[in-house]
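K.L.:
Straight run, no breaks: the sequence shown in numbering that gives the first Met the number 0 ends on number 135.
The hints are simulated quantities; they were obtained by calculation from the structure and are not laboratory data.
There could be a bad hint or two in this list.
Said to hold, decoys possible - Between beta-carbon pairs, the in silico distance windows are: (1) LYS88 <-> ARG112: 39 to 49 Å; (2) VAL90 <-> PRO47: 20 to 30 Å; (3) GLU109 <-> ILE60: 26 to 36 Å; (4) GLU109 <-> ILE23: 33 to 43 Å; (5) LYS82 <-> ILE23: 34 to 44 Å; (6) GLU68 <-> PRO14: 52 to 62 Å.
C-beta: ideal position from N, C-alpha, C; glycine also.
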Amino acid sequence: MDIQLVEALCGFQKPISTLDNRTIVITSHPGQIVKHGDINCVLNEGMPIYRRPYEKGRLIIEFKVNFPENGFLSPDKLSLLEKLLPERKEVEETDEMDQVELVDVDPNQERQRHYNGEAYEDDEHHPQGGVQCQTS
């Protein structure tokens, strides 16, 4: 079930059509956080149980939380949101640490690089080489 970030944090009500043409309403109450990938169930609303046609199993629901696009909030509203959420942990940087940036990855392009043998191309730039087999 797809839900928006605000629904994941603040609750929601979603109608679902059942196999017997009824509509049930799935409810998540405010403060009941739903995380991406969470799996919940509704008792007695799933598939009929074998040889017990009047009994139903569990309706399993997996949640997909949709996040907003980059830049959806102005800097001042982002600052306000940060004050409302639990505090993030700051990292104490040392001289041994290097600062790096995240960049987007296209899984299809990475798969193509792997098939073309480019996946290990970066290893050629490192003179120390990989683990060697021990010989007796």
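K.L.:
Failing hints, ascending?
P.N.:
1, 2 and 6
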